[in-house]
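Model the full assembly from the supplied sequences, consistent with the hints where possible.
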Amino acid sequence: MSEGTGNILEVVKVNKSFHDPVTVPVLKDVSMAVKRGEFVSVTGKSGCGKSTLLYILSTMDTDYEGQVIIDNEPTFGLTGERLSQIRNEKIGFVFQFHYLLSEFSVLKNVMLPGLKLAKRSTAEIEARAMELLKDLQVEDQALKMANQLSGGQKQRVAIARSMINDPLIIMGDEPTGNLDKKNSEIVFDIFQKIASEHKRSLLVVTHDNDFAARTDRTIVMDDGRVVG
Amino acid sequence: MRLLFSISLTLLRAKLRQSIVAAVGVMFSITMFVTLLGFMNGLNDLLDGLILNRTPHIRLYNELKASPTQPIDLTTDSSTHNFVRNVKPKNELPKLRNAQAIMDALKKDPRVLAVSPRLVAQVFFNVGTVDLNAQVNGIDVTQEVLYYRFADYLTEGDPHDLATSANTIVLGKGLADMMEASIGETVQVTTATGERAMLRVSGIFQSGIADADKVQCYANIKTVQKLLARPSSYYTDINVKLHDLLEAPVMAQELARRFDVDALDIQTANAQFETGSDVRNIISYAVGVVLLIVAGFGIYNILNMMIYEKLDAIAILKATGFSGSDVRRIFLLLSMIIGIAGGVSGLIGGFTLQNIIDNIPFVTAALPTVKTFPIDYSPKYYIIAVTFALLTTWVAGWFPARKASQVDPVEIIRGK
Numbered sequence: 003m004s005e006g007t008g009n010i011l012e013v014v015k016v017n018k019s020f021h022d023p024v025t026v027p028v029l030k031d032v033s034m035a036v037k038r039g040e041f042v043s044v045t046g047k048s049g050c051g052k053s054t055l056l057y058i059l060s061t062m063d064t065d066y067e068g069q070v071i072i073d074n075e076p077t078f079g080l081t082g083e084r085l086s087q088i089r090n091e092k093i094g095f096v097f098q099f100h101y102l103l104s105e106f107s108v109l110k111n112v113m114l115p116g117l118k119l120a121k122r123s124t125a126e127i128e129a130r131a132m133e134l135l136k137d138l139q140v141e142d143q144a145l146k147m148a149n150q151l152s153g154g155q156k157q158r159v160a161i162a163r164s165m166i167n168d169p170l171i172i173m174g175d176e177p178t179g180n181l182d183k184k185n186s187e188i189v190f191d192i193f194q195k196i197a198s199e200h201k202r203s204l205l206v207v208t209h210d211n212d213f214a215a216r217t218d219r220t221i222v223m224d225d226g227r228v229v230g
Numbered sequence: 272m273r274l275l276f277s278i279s280l281t282l283l284r285a286k287l288r289q290s291i292v293a294a295v296g297v298m299f300s301i302t303m304f305v306t307l308l309g310f311m312n313g314l315n316d317l318l319d320g321l322i323l324n325r326t327p328h329i330r331l332y333n334e335l336k337a338s339p340t341q342p343i344d345l346t347t348d349s350s351t352h353n354f355v356r357n358v359k360p361k362n363e364l365p366k367l368r369n370a371q372a373i374m375d376a377l378k379k380d381p382r383v384l385a386v387s388p389r390l391v392a393q394v395f396f397n398v399g400t401v402d403l404n405a406q407v408n409g410i411d412v413t414q415e416v417l418y419y420r421f422a423d424y425l426t427e428g429d430p431h432d433l434a435t436s437a438n439t440i441v442l443g444k445g446l447a448d449m450m451e452a453s454i455g456e457t458v459q460v461t462t463a464t465g466e467r468a469m470l471r472v473s474g475i476f477q478s479g480i481a482d483a484d485k486v487q488c489y490a491n492i493k494t495v496q497k498l499l500a501r502p503s504s505y506y507t508d509i510n511v512k513l514h515d516l517l518e519a520p521v522m523a524q525e526l527a528r529r530f531d532v533d534a535l536d537i538q539t540a541n542a543q544f545e546t547g548s549d550v551r552n553i554i555s556y557a558v559g560v561v562l563l564i565v566a567g568f569g570i571y572n573i574l575n576m577m578i579y580e581k582l583d584a585i586a587i588l589k590a591t592g593f594s595g596s597d598v599r600r601i602f603l604l605l606s607m608i609i610g611i612a613g614g615v616s617g618l619i620g621g622f623t624l625q626n627i628i629d630n631i632p633f634v635t636a637a638l639p640t641v642k643t644f645p646i647d648y649s650p651k652y653y654i655i656a657v658t659f660a661l662l663t664t665w666v667a668g669w670f671p672a673r674k675a676s677q678v679d680p681v682e683i684i685r686g687k
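Note that the protein sequences, when read in sequence, are chains A and B. Just add 2 to wherever you are in the first sequence, counting from 1, and you've got my numbering. Just add 271 to wherever you are in the second sequence, counting from 1, and you've got my numbering.
Some hints here could point you the wrong way.
The calculated DSS-like cross-link candidates involving lysine-lysine, where the alpha carbons are at most 30 Å apart (straight line), are [what the hints assert, rightly or not]: (1) B/Lys674 x A/Lys92; (2) A/Lys146 x B/Lys286; (3) A/Lys183 x A/Lys195; (4) B/Lys286 x B/Lys366; (5) A/Lys92 x A/Lys30; (6) B/Lys378 x B/Lys497.
Calculated Cβ distances over 12 Å to all of chain B for the following chain A residues [stated by the list, open to error]: (7) Asn9; (8) Glu12; (9) Asn17; (10) Gly79; (11) Ser86; (12) Arg89; (13) Gly94; (14) Ser104; (15) Met113; (16) Pro115; (17) Ala120; (18) Gln139; (19) Gln155; (20) Ala197; (21) Asp224.
In case anyone wonders, no lab produced these hints; they're calculated from the structure. Using N, Cα and C, we set each Cβ at its ideal position, and we do this for glycine too.
This is the structure in structure tokens:
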């Protein structure tokens, strides 16, 4: 766990450019930090680089300059294998699109990252997955195939999946972007509960200003810079 | 690894029909590979056996030769050329001198499996007013049955009879037909020197080579010695069978020098058989390998398609902590499952097909002992087939799997 600063996630002077067809800087000297249990939103106009930043923080995009420190471990230059482990153990993801595997049941979808981590037995992982599905009120869907669920249900399953390994931080890229008002509300409440009750950090990219306004802190980006 | 295996299986089950098609491709090629090679080699063995079973690895004999030195060579020096050739070949019988001593020496040689003497004589059969030219082979019947499959080529009669009763003869099929002789009847034989004898027919012999069956016949070596009025040490040939056929050419030269006789090895006598077998083998291996490569392309295609369809799944697996090599292993496993399933069913299919071919009647006058198509059930072909199947599926799976492992999840997820 983090000590000293109490930051789960720290970004130090990250720069990134797209090179195709001409070099365009997208992130300019971005620095920020997320504390334990903090619910942070990132907003900004389309093309301001907020999603790009999120994918750098997720460790999936390694083509940048600067440093990203997750749980006091600098991640720049680590091997793909190690980054996979960090993603598996310390980060949960919720995307705009649910990305459930349609070949697997809902329960198996939630369990997969836990089985990969293999820190607990299959039975324990299954029990934990059922518990999460119950918290998110989709436990009755557990044995259905993933593609038989409605959009809101799928997104809740995706949230359950992001939490299976009790990650330090959950990252979301427009997690309510595809949902109607009612389902967005449900997802927001779940996120808030995760932050306040489970003491997990949340970093959510959104352009929904109502959503952003209700989070603990909002980071506003404009043209590749943090402006507020 | 168990997790990856179960993911592979789930993906496979989701694309069951395509996976089965790919596996059937592998199965078909393995079936054909095993059947083709088994059948081809069965035939090869049969055709080679036609000659090789009956042919000694080394034959020792004496050939009538012109005198190598003419008397005039001894009196003139090398600067002049002479063309006087007045000394003709000696009136010498093709007898092997010291045959018993040579046989005793050969029997002690560790490379030698069996030594059997022969006495070959030219005779005439008197049928009415016609004299049929023939060759009687005096043989050691027990040895011939043991090492040269003599009994296999007897279509009628019992080799035991030939071994035990005096004055008996086994006629070639063509010869017997011409004389209209059957078992139990007596035929009259005249030797080259004019002696006559009556011999009882105790069997009919069919070698599969029609020309040979018109002139060849067999009798106990003692009978032939008596027929020619020669002592019991009189042999014209010594047939040697070796443990290792490949040693024959070298050993033949060695024996020729050591015993001062002519020696003919099987490779020199039947060079065309080796060549024929080799060519047939190359053709069947080539066809089999091509079949496997085609099946490999099938797997490659199906995996490639599957990866395009599953880009989302690959992206999310990577996002949730599966590494590139995990993804590669998932797809390689998928390919190997298809390969193993197809390979094993192909072996079963191949064995079944071999069995069916083995039961198809194949009757030919040339081959009296063969009733059905010949099959070589050697496990060698099964092992080669499986090794090749696994190798092709591994290679066919490796390229798509590597592509899957290189999928950039950010590109897929942001692309939505």
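Tested hints:
Restraint check for B/Lys674 and A/Lys92: satisfied, since their Cα atoms lie roughly 27 Å apart, inside the 30 Å limit. As the CA atoms of A/Lys146 and B/Lys286 are separated by approximately 19 Å, the hinted pair is consistent with the 30 Å bound. Distance hint between A/Lys183 and A/Lys195 is fulfilled; the C-alpha atoms sit about 18 Å from each other, no more than 30 Å. For the suggested pair B/Lys286 and B/Lys366, the alpha carbons sit about 79 Å apart, so the restraint of at most 30 Å is broken.
Restraint check for A/Lys92 and A/Lys30: the C-alpha separation of about 26 Å stays at or below 30 Å, so the hint holds. With a C-alpha separation of about 26 Å, the suggested pair B/Lys378 and B/Lys497 falls inside the 30 Å cut-off, and the hint holds. Look at A/Asn9: its CB is around 22 Å from the nearest CB on chain B, clear of 12 Å, so calling it non-interface holds up. With a least CB separation of 21 Å from chain B, A/Glu12 remains clear of the 12 Å interface cut-off, as annotated.
Every C-beta of chain B lies more than 12 Å from that of A/Asn17, the closest at about 17 Å, which supports listing it as non-interface. With a least beta-carbon separation of about 16 Å from chain B, A/Gly79 lies farther than 12 Å from that chain, consistent with its non-interface assignment. At the 12 Å boundary, the C-beta of A/Ser86 falls inside the reach of chain B, the nearest C-beta of that chain being 4 Å off. A beta-carbon of chain B is positioned within 12 Å of the beta-carbon of A/Arg89; the least distance is around 5 Å.
Non-interface status of A/Gly94 relative to chain B is broken: a Cβ of that chain comes within 12 Å, the nearest being about 8 Å off. Under the 12 Å C-beta cut-off, the non-interface status given to A/Ser104 relative to chain B is violated; the minimum distance is some 8 Å. Not every CB of chain B is more than 12 Å from the CB of A/Met113 (nearest about 10 Å), against its label as outside the interface. With a least beta-carbon separation of about 4 Å from chain B, A/Pro115 fails to lie farther than 12 Å from that chain, contradicting its non-interface assignment.
A Cβ of chain B approaches the Cβ of A/Ala120 within 12 Å, the least distance being about 7 Å, so the stated non-interface status is violated. A/Gln139, annotated as away from the interface, keeps every beta carbon of chain B farther than 12 Å; the closest lies near 22 Å. No beta-carbon of chain B comes within 12 Å of the beta-carbon of A/Gln155; the shortest separation is about 17 Å. Listed as outside the interface, A/Ala197 is consistent with that label: its C-beta sits roughly 21 Å from the nearest C-beta of chain B, beyond the 12 Å cut-off.
Against the 12 Å criterion, A/Asp224 stays outside the reach of chain B, whose nearest CB is about 20 Å from its own CB.
Going down the numbered hints, you'll see the structure goes against 4, 11, 12, 13, 14, 15, 16, 17, while the others check out.
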